[in-house]
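S.K.: Residue strings, one per chain:
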Amino acid sequence: MSFPLLTATAVLPAIGAVATAAVPAAKRDAAKWLALLVSLATLVLAVVVLVRFDPDGARYQLTESHAWIKDFGVRYELGVDGIGAVLVALTALLIPFIVLAGWHDADPMETGSRRWRPTQGFFALILAVEAMVILSFEATDVFLFYIFFEAMLIPMYFLIGGFGDRAHEHGEEVASTQRSYAAVKFLLYNLVGGLIMLAAVIGLYVVAGNFSLQEIAEARANGSLDMATDTERWLFLGFFFAFAVKAPLWPLHTWLPNAMGEATAPVAVLITAVVDKVGTFAMLRFCLQLFPEASKWATPVILVLALISIIYGALLAVGQRDIKRLVAYASISHFGFIILGIFAMTSQGQSGATLYMVNHGISTAALMLVAGFLISRRGSRLIADYGGVQKVAPVLAGTFLIGGLATLSLPGLAPFVSEFLVLVGTFARYPAIGIIATFGIVLAALYTLVLYQRTMTGPVKTEVAKMPDLRARELVVVAPLVVLLIFLGVYPKPVTDIVNPAVQQTMSDVQKKDPQPEVEAAK
Amino acid sequence: MENLIALLIAAPLLGAAVLLCGGRRLDAVGHWIGTVLAAVSFVIGVVLFADLLGRSADDRTLTQHLWSWIPVEGFKADVAFQLDQLSMTFVLLITGVGSLIHLYSVGYMEHDERRRRFFGYLNLFLAAMLLLVLADNYLLLYVGWEGVGLASYLLIGFWQHKPSAATAAKKAFLVNRVGDMGLSIAVMLMFTTFGTFAFAPLLGTQEEPGIAGDASEGTLTGIALLLLLAACGKSAQVPLQSWLGDAMEGPTPVSALIHAATMVTAGVYLIVRSGAIFNAAPDAQLVVTVVGAVTLLFGAIVGCAKDDIKKALAGSTMSQIGYMVLAAGLGPIGYVWAIMHLVTHGFFKAGLFLGAGSVMHGMNDEVDMRRYGGLRKYMPITFVTFGLGYLAIIGFPGLSGFFSKDKIIEAAFAKGGTEGWILGGAALLGAAITAYYMTRVMLMTFFGEKRWQPDADGHEPHPHESPRSMTIPMIVLAFGSVFAGAFFTIGDRFLNWLEPVTGDDHGHSPLSATTVTLATMVVLVVGVAIAYGQYGRRPVPVVAPRGSMLTRAARRDLLQDDFNHVVLVRGGEHLTRSLVYVDHTLVDGVVNGTAASVGGLSGRMRRVQNGFVRSYAVSMFGGAAILIAATLLMRAV
Amino acid sequence: MNPVNYLYLAALLFTIGATGVLIRRNAIVVFMCIELMLNACNLAFVAFSRMHGNLDGQIIAFFTMVVAAAEVVVGLAIIVSLFRTRHSASVDDASLMKL
Amino acid sequence: MSGQLAAYTTSTGEAFQFWVLGTVAVIGALCTVFMKKAVHSALCLAGTMIVLAVFYLANGAYFLGIVQIVVYTGAIMMLFLFVVMLVGVTAADSLRETIRGQRWLALLCGLGFGILLMGGIGHASIKEFNGLTQANANGNVEGLAALIFTKYVFAFEITGALLITAAVGAMVLTHRERTERARTQRELAEQRVREGKHLPPLPAPGVYARHNAVDIAGLLPDGTPSELTVNKTLRERGQIRDVSAEALNDLRALEQRAEERLERTAIDPVNVKRAEEASK
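Residue numbers (the working numbering), protein chains in the order written: chain A, 404 to 926; chain B, 316 to 952; chain C, 11 to 109; chain D, 1210 to 1489.
Check before you lean on any hint, since a few could be wrong.
Stated by the list, open to error - Stretch-level coverage of chain B by chain A, calculated; a stretch enters the list once three of its residues show a Cβ under 8 Å from a Cβ in chain A: (1) 385 to 392; (2) 451 to 461.
Said to hold, decoys possible - Derived DSSO-like pairs (lysine-lysine); straight-line CA-CA distance at most 27 Å: (3) 864/A - 794/A; (4) 1245/D - 1441/D; (5) 1406/D - 1246/D; (6) 794/A - 869/A; (7) 391/B - 915/A; (8) 391/B - 896/A; (9) 915/A - 699/A; (10) 916/A - 391/B; (11) 864/A - 896/A; (12) 869/A - 896/A; (13) 864/A - 692/B; (14) 1441/D - 1406/D; (15) 794/A - 477/B; (16) 765/B - 692/B; (17) 699/A - 916/A; (18) 869/A - 692/B.
What the hints assert, rightly or not - Sample of chain B residues with no beta-carbon within 10 Å of chain D, all distances over it, derived: (19) 683; (20) 858; (21) 860; (22) 886; (23) 925; (24) 943; (25) 947.
Simulated from the structure, these hints should not be mistaken for lab results.
For every residue, glycine included, the Cβ atom is placed at its ideal position computed from N, Cα and C.
Kindly produce the complete structure, drawing on both the sequences and the hints.
M.R.: Laid out in structure tokens, this is it:
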């Protein structure tokens, strides 16, 4: 019985959450430091996972398996394939930055405000989310996955509803009502998705007789478990709906702008860069593995929806007046790309999609956190309230620009690699869709540059004239992200090497071959 | 030797990194760091050039493989470089002109407190441009392609506090992005067609052609047209030319380096580099030539109407690149001359821009030529260098422009058939107009009586010669613009140098070379004469006359911006606004509507529970009745 | 005459009683209606026992009476205490089931 | 007699009896439901039950018939009446429906239910019809006893338990626990003084020339009736008769007649009219 590494990666933040919550109210900073240390320790563990993971080894590695609920054959089964390992690493990587960026977000409001903000709670919740997300990346038991997939809604709900921006243009009252609206919306959307998925999970149990992903997938592969076509399609839809809500896919996306708009920037990053990834990841792992036929059956519709997400999200981002909502719609557009890559069912597309999850996490984190710093300085989320920041705070503007360029996937930065892979992968099978999706990059340039121009350039607005540049803490947050963006942009090999085998596995699950080049085909 | 290639790029890249991350402590020396590193890159280029010359003509191709960039199943993109004669030419042009302009900027940007960042951006541009011309596959080329776009975005918008500059920068980037879209789709198409997008297997060499030819002509035409779209974006060809005029918002050295000498010619590089593909797609080639012809006239006409000296020069740049594209579209006949014109143009146009910059430098950044006049007395060096550049561009016999442009016109006629006549005619007409507007610029700026007045702040400009750091580059470039053409042409040096890459093909021209030359001379004289008649003999009005319809249209870039504004900008705004509305009311409304209806329904259901025992009793009784009925029915059936 | 008529009569009485339960508000009257229903049942039982020619039906009727007696005792006690507390014997007043 | 009662086809006498008494029973039942006053309902119900008793006898259930009369009509109905008295004989609940649609629903259900029952009975095939001849061979009571104490003995015992429970339950429900000791006369008096009301004993009911009953309120000096003079229970039931108006009218009539006799000319027409209607 070797050391349960995967369990450790999840248990550590969980314990950390409890401990942080237990810190006495007076020792606020102690709680912060504790949370930071725990998240860093988790990062170390995640790196160990990456190192111990052998790309050419078995599909699922570092597996653990214990009986849990014998009556229903529910087992506590963990294991990571390349995709899971990378995403665990991404999560563990982003949390420290989120904690650090949210250092003061949960400080008690200045005297006179009635709202008391429990600092300990804030950081404890973040760690709790980390634990659950990591577990849902590691769980290879459908039921186990479902539990954490749902459970992470609770801390997220409190994070969104409980902590907003320090200053708000409409005053605290309006802010809190909008916040609770956003939080409830987030909860309801995801709960509905989750319930439908629960039905599908039970259905799967009825059909398959157990919850183990590996066993079911094997049985599907060697044909010992054959579902009726309709059954498979219904189950697939049940799962996919939940993931599409989480992902979020048009037209199930409307909760995201509210949630990201009202939550503080770090929490917004937590939502879009960490939690939502579970949705796309689960599409790749569960939908494709468990229901290959149904996935192929649903592909055309899903691709069209993804396409709509890309264009629609980008267009709405152009139309936004609120920085955070703009980033939210941009994310919707990017999730469209990810889903496109997954369901294009080519190795480029799926590798690209996985890579995209990582890169989108980093780039959005960079952009959103800098935006958060900007907002915390001026106390407004409206683009119109800024102007000429570049002159007073060049470093802030510079990092903001880099984040923006990453969002428009400029070659040389990480997102370009993944986006191009997705596009190539899609184009290889569905040229028309690939071409239309490419329009997304023009729109991306449009909303990013418009945002940058309106906030950073032009004559200096009086409100921002005194704006200080990035502080040390904030630089510590941003600089590593920027470095990562550039590094993964020019040398993504480390990630792709881990991802590729897993993608090949998935491709073989859905029994799809990459289309061959015309010329070779001709020869 | 190969390992030096990476250094070419590394040097300016290092410079960019140091200068941009260095912080204020580098403000004092930043500009020199930048200039030195650019020069270093130039030196390395020269060394490599020497090395290539030392080799036999057919193995003048160096390659360097750094690392595997995107390794994915069935998809292979490497960070690897290929240095052949074509790239070499560009390397020398870029680093050479680039270094000079760095030097020039030292003086020009002296009073700008953000000079360090300016040099950082310049170095970034050099690195990206070198990457563009050195990449050994289309995807890496794409990186450089967008990299130069970024650099140009940063440099056009360098004076960000000016909204016009910021807007111009954004416009340039967006229009380029449209072109880039073409390039990326082209790469995808290559990948799906050939399974690779690396130059070597795809394009091959003159001896053994690559697999590019194996694909169906339709596919190749598609790829070629997409590449052309990319080229149009980067090289400001119709219909994507609208950004170049606004790009003049940037500092003048930028206009000289990026928007005259190097970046805007990337499109030509792309087409010539992809010659193997274009040769196999004659339809696409025809389109290329048409685009070139249209643009060269378009640019020339715009150039005639502008009173802003830099915008006039921008128009001329557009038009000159039109020549190159036209030549490139002619196939192997024209490739060499396209590149040669590109190089010579690099010299004289950069020189002209630097001259313009020097003029503005002396005139408190006044750009309106109607407020110049008689400057030759005040800034003689500028006058001479600018004049030489002027003679070069209008194709004055013996100067570089004469050789390169003449060849292109010749080649255009040599295309043969009616399109040969049409293209050649267009080229000739272009030459005439070029002579006209350049003469106009020359006269309005340096001749006539002085027309400048106190500017808004009320202090009279005191035109003076620019400092040494600015004049030296101008002089060097003037030398280039005088002698380069002759040097290249005599003994077909340039032809022999490039021929292994581009291939060569002397079409059979319906007109003899001399006829063409004579014709060129004639139109040249005509153009100059008309211009002199208009601007030399009678004084130039300080306020621009209303002018003819064409003039007014030309002042507005032939209404292209208005078209964009109405169709794209307005339309886009409406689209996004309506979409935002839809998202809020429809997509969101459906959801909220369901929630509301559920709530209302449950509220109504709640009424049924009125708490009165008797109504519960009624329901029980009714239930019993129904049960009995059910049982009876069961019995009955 | 066919003794089945007794059954019809019983059914009729039962229905009337049930309707009364639903219509009247006075708890006492409601109780009376319930008694009426019980009696209707008894009549049916007796008629059945006559038809089948054994006494079981009568036994059941007998038990019904006993139970009815017990029920009346308790029920009336409840009514009295209700009346004591809220000075009314209307079943509608006891509508605390409504939230 | 029993033999012929339990014959296959019942005698015409029984038929006649059935039709007459059946009608009576139904009418009684209807009255039970629709009478305004609880007392009347109770009486009607008693009537129905007696009719049913007769039917029992007619059906050869002699024991039950007697029990029906003795236990039901004798005991239970009396219990009912007792409670009715307690709650108020005349406490009539208006038949006006308060719950919307309740009445129609009820009638509908009742109608449907009845029809269904009838249909069911008609539908049921009741072929064999063997009377109670040999069942009642040696006495109906003996027969029942035999069954009760052999076959149904457990049920019988249980009913006993049930009855006891019911009795206890009823006592518990109605019994009012006295939490503090009863207050003495003195304490009551002191309390009254403290509250400062009715120091003297309550006034007697009104005593008039024609009326003299506990439910008639006495008049205050200004002629309005005083509730205090009426017994508390009656007050709660709202059974206070007010005859003050009559008394006053009589008085006026008297004066008027006196005037006529003394031939007072000034006759107030109003008074005249009053007098006339009073004299009627």
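S.K.: Taking the hints in turn, state whether each one holds.
M.R.: Status of each hint after checking the structure:
1. Counting residues of the stretch 385 to 392 of chain B whose C-beta lies closer than 8 Å to any C-beta of chain A gives 6; at least three are required, and the coverage claim holds.
2. Requiring three or more residues with a Cβ within less than 8 Å of a Cβ of chain A, the coverage given for the stretch 451 to 461 of chain B holds, as 5 such residues are present.
3. Distance check on the hinted pair: residue 864/A and residue 794/A sit about 10 Å apart at the alpha-carbon level, within 27 Å; holds.
4. Of the pairs offered as hints, the one joining residue 1245/D and residue 1441/D holds, with about 24 Å between alpha carbons and a cut-off of 27 Å not exceeded.
5. The suggested pairing of residue 1406/D with residue 1246/D is violated, with an alpha-carbon distance near 37 Å, which exceeds 27 Å.
6. For the proposed pair residue 794/A and residue 869/A, the alpha carbon gap of about 11 Å is at most 27 Å, so the pair holds.
7. Between residue 391/B and residue 915/A, the direct Cα distance comes to roughly 20 Å. Compliance with the 27 Å bound is thereby established for this hinted pair.
8. Of the supplied pair hints, the one linking residue 391/B and residue 896/A holds, its CA atoms being roughly 11 Å apart against a limit of 27 Å.
9. A threshold of 27 Å between alpha carbons decides the hint, and for residue 915/A with residue 699/A the separation of about 9 Å falls inside it, so the pair holds.
10. The hinted pair formed by residue 916/A and residue 391/B meets the criterion: a straight-line CA distance of about 17 Å does not exceed 27 Å.
11. Distance hint between residue 864/A and residue 896/A is unfulfilled; the C-alpha atoms sit about 44 Å from each other, more than 27 Å.
12. Straight-line distance between C-alpha atoms of residue 869/A and residue 896/A comes to about 44 Å, which puts the hinted pair past the 27 Å bound.
13. For a cut-off of 27 Å, the pair hint linking residue 864/A to residue 692/B is broken: about 44 Å separates their Cα positions.
14. Of the supplied pair hints, the one linking residue 1441/D and residue 1406/D holds, its CA atoms being roughly 16 Å apart against a limit of 27 Å.
15. For the given pair, residue 794/A sits about 11 Å from residue 477/B by alpha-carbon distance, which is consistent with the 27 Å threshold.
16. The hinted pair formed by residue 765/B and residue 692/B meets the criterion: a straight-line CA distance of about 10 Å does not exceed 27 Å.
17. About 13 Å separates the Cα atoms of residue 699/A and residue 916/A, which keeps this hinted pair within 27 Å; it holds.
18. A hinted pair counts as satisfied when its Cα atoms are at most 27 Å apart, and residue 869/A with residue 692/B does not qualify at roughly 48 Å.
19. Under the 10 Å C-beta cut-off, the non-interface status given to residue 683/B relative to chain D holds; the minimum distance is some 87 Å.
20. The beta carbon of residue 858/B is kept farther than 10 Å from every beta carbon of chain D, the shortest such distance being approximately 88 Å.
21. At roughly 89 Å, the least C-beta separation between residue 860/B and chain D is larger than 10 Å, which holds for a residue marked as non-interface.
22. At roughly 59 Å from the closest C-beta of chain D, the C-beta of residue 886/B stays outside 10 Å, upholding its exclusion from the interface.
23. A beta-carbon of chain D is positioned within 10 Å of the beta-carbon of residue 925/B; the least distance is around 7 Å.
24. Listed as a non-interface residue, residue 943/B fails to keep its Cβ farther than 10 Å from every Cβ of chain D; the least gap is roughly 5 Å.
25. Against the 10 Å criterion, residue 947/B falls within the reach of chain D, whose nearest CB is about 6 Å from its own CB.
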